[in-house]
Amino acid sequence: MFYKDERLALFIDGSNLYAAAKSLGFDIDYKLLRHEFMRRGKLLRAFYYTALLENDEYSPIRPLVDWLNYNGFTMVTKAAKEYTDREGRRKVKGNMDIELTVDAMELAPHVDHIVLFSGDGDFRPLLESIQRKGVRVSVVSTIRSNPPMISDELRRQADNFIELDELRDVIGRPPREETISAPARPVDATVE
Numbered sequence: 001m002f003y004k005d006e007r008l009a010l011f012i013d014g015s016n017l018y019a020a021a022k023s024l025g026f027d028i029d030y031k032l033l034r035h036e037f038m039r040r041g042k043l044l045r046a047f048y049y050t051a052l053l054e055n056d057e058y059s060p061i062r063p064l065v066d067w068l069n070y071n072g073f074t075m076v077t078k079a080a081k082e083y084t085d086r087e088g089r090r091k092v093k094g095n096m097d098i099e100l101t102v103d104a105m106e107l108a109p110h111v112d113h114i115v116l117f118s119g120d121g122d123f124r125p126l127l128e129s130i131q132r133k134g135v136r137v138s139v140v141s142t143i144r145s146n147p148p149m150i151s152d153e154l155r156r157q158a159d160n161f162i163e164l165d166e167l168r169d170v171i172g173r174p175p176r177e178e179t180i181s182a183p184a185r186p187v188d189a190t191v192e
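Going by my numbering, 52 is the number at position 52 of the sequence shown; the sequence numbering is gapless.
These are calculated hints, taken from the structure and not from any lab test. Fair warning: there could be bad hints in the mix.
[Unchecked claim] Calculated cross-link-like contacts (lysine to aspartate or glutamate; reagent style EDC-like; alpha-carbon spacing at most 16 Å):
| hint | residue 1 | residue 2 |
| --- | --- | --- |
| 1 | LYS42 | GLU6 |
| 2 | LYS22 | ASP169 |
| 3 | LYS93 | GLU106 |
| 4 | LYS42 | ASP112 |
| 5 | LYS133 | ASP112 |
| 6 | LYS78 | ASP97 |
| 7 | LYS31 | ASP169 |
| 8 | LYS78 | GLU106 |
| 9 | LYS42 | GLU82 |
| 10 | LYS22 | ASP165 |
| 11 | LYS31 | GLU6 |
| 12 | LYS133 | ASP159 |
| 13 | LYS133 | GLU106 |
| 14 | LYS133 | ASP169 |
[Unchecked claim] If you anchor each label on the Cβ, the simulated ranges turn out as follows:
| hint | residue 1 | residue 2 | range |
| --- | --- | --- | --- |
| 15 | PHE2 | ARG144 | 17 to 23 Å |
| 16 | ASN160 | ALA79 | 32 to 38 Å |
| 17 | LYS93 | LYS42 | 32 to 38 Å |
Here a beta-carbon is modelled for each residue, glycine too, at the ideal position from N, C-alpha and C.
Hey, can you work out the whole structure from these sequences and the hints?
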């Protein structure tokens, strides 16, 4: 439930939202997403969190990051760390949970409603803390993927759960074909 006069802030866990949308078979149109939530209330900020592979000559997510930065989103990025695990596999670590949590706690006194685009159960204590400050929290993720992309405890803690699949017609576009110009894929912040 949204109210037209409430002050909103969006907090988008880039890799988590990308994975949820991909599991449902569509891509997010961020211009439509921003307009949808401007329609639902007074949108004060829309944050997008992602880690970037800085040592690559070309990062496939860089065009998305630049576009979001020029089109009303507050970008929060950091360099992802690459390492090799014991089996010799290349791994990437780029968790943005702390940055998102700090920003949400700082902005909470200035908003009425926070919308979190993530299903990561690590955010449950954040929701609980923000709610104690009198801020309503909606979580956007999906239970329609197999397995569900949202943790049960996060879904229970939220004031409102928004099924991402039900937003498909409002904020989605069909996924592009995987070619040389593949869609920008945020660094998976959940990979350790």
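Here's how the hints hold up against the structure:
no.: 1; hint: LYS42 <-> GLU6; result: 6 Å, holds
no.: 2; hint: LYS22 <-> ASP169; result: 15 Å, holds
no.: 3; hint: LYS93 <-> GLU106; result: 25 Å, violated
no.: 4; hint: LYS42 <-> ASP112; result: 10 Å, holds
no.: 5; hint: LYS133 <-> ASP112; result: 10 Å, holds
no.: 6; hint: LYS78 <-> ASP97; result: 12 Å, holds
no.: 7; hint: LYS31 <-> ASP169; result: 13 Å, holds
no.: 8; hint: LYS78 <-> GLU106; result: 19 Å, violated
no.: 9; hint: LYS42 <-> GLU82; result: 39 Å, violated
no.: 10; hint: LYS22 <-> ASP165; result: 11 Å, holds
no.: 11; hint: LYS31 <-> GLU6; result: 21 Å, violated
no.: 12; hint: LYS133 <-> ASP159; result: 13 Å, holds
no.: 13; hint: LYS133 <-> GLU106; result: 11 Å, holds
no.: 14; hint: LYS133 <-> ASP169; result: 33 Å, violated
no.: 15; hint: PHE2 <-> ARG144: 17 to 23 Å; result: 22 Å, holds
no.: 16; hint: ASN160 <-> ALA79: 32 to 38 Å; result: 34 Å, holds
no.: 17; hint: LYS93 <-> LYS42: 32 to 38 Å; result: 36 Å, holds
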